[in-house]
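Since the structure of chain A is already known, use the hints to place chain B on it.
These protein sequence lines are chains A and B, in that order.
Residue 113 in our numbering sits at position 113 of the first sequence, with consecutive numbering throughout.
Residue 479 in our numbering sits at position 123 of the second sequence, with consecutive numbering throughout.
Simulated from the structure, these hints should not be mistaken for lab results.
Virtual Cβ for every residue (Gly too), placed ideally from N, Cα, C.
Hints are supplied without guarantee of correctness; some may be wrong.
Stated by the list, open to error - Some chain B residues close to chain A (C-beta under 8 Å, calculated; not the full set):
| id | residue |
| --- | --- |
| 1 | Gly567 |
| 2 | Glu601 |
| 3 | Val603 |
| 4 | Arg621 |
Here's the letter readout for the chains.
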Amino acid sequence: MTLAPARPTATPVTARPVRPAATPARGGRRTLFAAVATAVAVLSVVSLFVGVTDVTPAGVLAALTGADDGAAGLSDAGVLLVSRLPRTLAVLLAGSAMAVAGMLMQVLVRNRFVEPSTAGTVESAVLGILVVTIMAPGAPLMGKMGVAAVFALAGTALFLRILRAVPLRSVLVVPLIGLMLGGVISAATTFVAYRLDLLQSLGAWTTGDFSGVLRGRYELLWLTFVLTIVAYLAADRFTVAGMGREVATTLGLGYRGVLNLGLVIVSLVSAVVVVTVGVVPFLGLVVPNVVSRLLGDDVRRTAPWVALLGAGLVLVCDLIGRVVRYPYEVPVGVVVGVVGSVLFLYLLLRRDARVA
Amino acid sequence: MTSQRHPRARRAGLALTLVSAFALTACAGDAQDVEPAADAAVTAQEAPSEVTVTHAQGETTVPVNPETVLTFDLATLDTLSELGVEVDGLPKSNLPGHLAEFDTDDVLDIGTLFEPDYEAVNAAEPDLIIVAGRSAEALPELEKIAPTIDLSNDWADFRGSVEANAEILGQVFDKEDEVAELVADLDADIEAAREVTAEAGTGLIVMTAGGEVTAYGPGSRFGFLHDELGMTPAIEDVEAATHGEAVSFEFLAEANPDWLVVIDRDAAVGESGAAAEQVLDNELVAGTTAWSQDQVVYVDSVDWYIVNGGLGTLSRMVDEISTALAG
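This is chain A alone, in the form it adopts within the complex (with noise of 0.2 Å):
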């Protein structure tokens, strides 16, 4: 049970270099990734037709072709390019990126119950954003994401460093810690927070929520993008990093710049979606943990799984949040909280579970 990266003979968790996939060869799992890139697919195109404004299609045709009114002015296309593919993209972005990273912090710290929410990163940039509204209310959205990222890089390598000095580690210690120090962050976000009246409006920056998303409040989410990207090209990298420091450092690997750059994405994917549309918990949990059981831990091959399924995972959250108390909408942080728990413990009780 416990897990000591010093001691490479200990087996951690994520350090079966290659784990055999347990699905069909190459090209029936490429059959498969297409076949759920395009239920995905589907899906979004739903999401845009999806709505409290009737747009259809057809509307969107007629207004593309000639004159048509929809709501308040807008046309059908009008709505779908100002209110719905903004929407959409959102959700795309936000959900591959939290799911990327959570795989990017599993495979770093070399633990598959550790995400950003269960190692202080989230609580960090939401301590961040915090500070930046009682010290600069006004701050543009680019400097209050930079702090957000600053703090929570910070408590990622906070968090790093007492697992460091913690000499027993079980695979539940180490979520565990997270879970505590991001406890404690959020204890003194809670109790400024308190102090100043800001609780409730805490509780609107924490609750993932895409209702407020439309075309110019969402474009932050494009950098994630980017860092999914970095974080795809450097793939093989992290999966030498996940064999752990020394293994890394005997292959020739960087094994610090490499666990920084990790770090540097991580933070920065969870400071751009906790400023932009909330917390959303779980996600960086369930997706990776769903995907490694199927494919195994080489970053480059699952990495297009983990963005996909985490995309689509937040898509049908979304879309249920739409749709369940329509014309109102319940947030998505609080959707994917229910079905990621459920997911998430239908992981842990499984019987042939791999995660322990």
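For chain B alone, kept in the frame of chain A given last:
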């Protein structure tokens, strides 16, 4: 490290540990445990007389014209200030501008709107404590120190409860005539406002916070705009929106109200006054009648959201609406 080594029960245990740890981090705050005040029997020597009032949490007998009065409720403070009654202690950290006169050294700071500082309350040896809404849960503990009444507002009958609470205060402080006068003034203001709203078309109440928007309907905490002032609700499905519902900007565009009444929660609790306008200023809201006709009313969020009740505040809220709509 392989799964076979672990019995299933243990795995379940581990799972539960982890999941409950998740749950725990989401929880915050626990019950304040406080020693019951020992000397609750502050010798009620020759109080002129007593009056029994019926409030939100039952009946309580309180002295008439109590000497030391503590209130955790800003709406009560607002009414008392209208009546010219002095208050000896209140949560000073949240005082809105128009009640700043109470922020003096003579007035004790007795905690926050939500959480009493029991030591300070006990030390003040109060004759009457008033709680409401945010502090209503503290009543059982406070009752051990001194007679405590709960003047919470009833959202379903907001105006009625504001007036009823004022009448209770009138009885307790022997100012029933003054209260009757103020209530009559308020009634007249409301009648006048009803005439304005009758002509104004539909309205929708929204609150903005942290970039997100919630909508409120009749019967909600801000519903007196519809219920009492008679503004036609812009949304049909009023049932669902009584507690404030998260909505998208498409919802605002579809509801297309003639008037948009905006409560900026971020402004109520901090600075940044233009926050609500920034949130609403987008292509979807721009298409609504309210926005294009410049009929968006940013109401005083401290009055609406923080104090929310009290004779003085309510009459200012009514004035605010009639002035804006008539303007």
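Consistency of the hints with the structure:
1. Gly567: holds, 5 Å
2. Glu601: holds, 4 Å
3. Val603: holds, 6 Å
4. Arg621: holds, 6 Å
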